[in-house]
Amino acid sequence: MAELTVFSFYPGTSLVHQLDARFKFFFLIVLSLICLHTSFQGLAALSTLITAVVWSIRLPLTYIIKELRYFLLLIVLVFVARTVFSDGMPDVNLGIFSISLNGLRNGLLICWRLAFIVICGLAFISTTRSSEIKAAVQWYLTPVPFIPEKKVATMMSLIMRFVPIIFDQAKETMEAQRARGIENRKNPVYRLVKLGIPLIRRTFEHADELVLAMEARCYSESRTDPPLISHKRDWLSLLVIMVLCIALLLFRFI
2 MAELTVFSFY
12 PGTSLVHQLD
22 ARFKFFFLIV
32 LSLICLHTSF
42 QGLAALSTLI
52 TAVVWSIRLP
62 LTYIIKELRY
72 FLLLIVLVFV
82 ARTVFSDGMP
92 DVNLGIFSIS
102 LNGLRNGLLI
112 CWRLAFIVIC
122 GLAFISTTRS
132 SEIKAAVQWY
142 LTPVPFIPEK
152 KVATMMSLIM
162 RFVPIIFDQA
172 KETMEAQRAR
182 GIENRKNPVY
192 RLVKLGIPLI
202 RRTFEHADEL
212 VLAMEARCYS
222 ESRTDPPLIS
232 HKRDWLSLLV
242 IMVLCIALLL
252 FRFI
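Note that this note's numbering has the sequence shown beginning at 2, numbered continuously upward.
FYI, nobody ran anything at the bench for these hints, they're computed from the structure. We put the beta carbon where it would ideally sit given N, CA and C, even for glycine. Hints should not be assumed to be uniformly reliable.
Claimed, not checked - Simulated restraints, written as ranges between beta carbons of each label pair:
{"hint": "1", "residue 1": "71", "residue 2": "185", "range": "19 to 25 Å"}
{"hint": "2", "residue 1": "48", "residue 2": "229", "range": "37 to 43 Å"}
{"hint": "3", "residue 1": "184", "residue 2": "49", "range": "39 to 45 Å"}
{"hint": "4", "residue 1": "206", "residue 2": "74", "range": "38 to 44 Å"}
{"hint": "5", "residue 1": "214", "residue 2": "237", "range": "39 to 45 Å"}
{"hint": "6", "residue 1": "185", "residue 2": "52", "range": "21 to 27 Å"}
{"hint": "7", "residue 1": "86", "residue 2": "31", "range": "17 to 23 Å"}
{"hint": "8", "residue 1": "71", "residue 2": "215", "range": "29 to 35 Å"}
{"hint": "9", "residue 1": "206", "residue 2": "236", "range": "43 to 49 Å"}
{"hint": "10", "residue 1": "203", "residue 2": "150", "range": "29 to 35 Å"}
{"hint": "11", "residue 1": "178", "residue 2": "232", "range": "47 to 53 Å"}
{"hint": "12", "residue 1": "122", "residue 2": "211", "range": "22 to 28 Å"}
All chains, please: the whole structure from these sequences, using the hints.
Next up, the structure:
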């Protein structure tokens with residue numbers, strides 16, 4: 002059985018847990034789009050909001066940092082690339098590289114936006130069951146013509162279930178390699194190949210087992226999904242989010 006990761010559902014009684022999955026899915030999309038078109042002041046306001054959400058969920062901060070360490074490395078690389086290769090008059094010369102204040106600003110802004118989107122997605126996944134995500138996606142795609150909404154929703158639900166399994170398999174594979182002294186190899190390509198090939202093979206094996214299990218249980222798309230019922234708190238949350246987004250957009254153009 003796969004261990005819980007930051008990409009797993011965490012049971013709770015917070016306000017975010019109690020919101021309708023359709024509203025949370027909408028909030029995720031809207032806030033992600035707004036953060037791409039707002040300034041530092043707007044990002045600070047949005048970051049304060051998502052910080053309060055994460056705090057209410059009670060997710061362990063140290064565990065989040067541990068699980069997202071590779072993403073943090075990516076953030077650092079993006080920041081360095083944007084800082085060094087951005088256009089503008091250089092303010093600091095470091096040999097073949099030059100750093101400008103405009104590059105620092107752009108790098109910080111882009112990395113801040115990426116981190117905000119990831120944290121929003123983390124909050125959504127941690128407070129929403131995969132069955133509710135499937136039902137919400139299916140509800141949104143039902144009016145769209147020529148799209149098999151049930152198949153798309155099922156695929157998204159399976160992806161949500163497979164993420165913890167893949168993380169668990171990666172951890173087991175790395176522990177097995179560590180026991181065999183693979184880390185002593187200096188060639189990073191060799192270590193990556195020895196990690197990637199077994200991980201991909203085991204992932205496909207689990208996928209085949211899942212398909213056989215679904216067929217053995219006569220899985221059908223015509224299933225009873227969890228009820229999606231909106232309450233007063235959902236509409237109040239929608240009002241707050243929309244007012245915040247409109248205020249941020251107006252503030253940007255003032």
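Point to revise | Unsatisfied constraints (hint numbers, rising) | key: Violated hints: 2, 4, 6, 7; rest satisfied.
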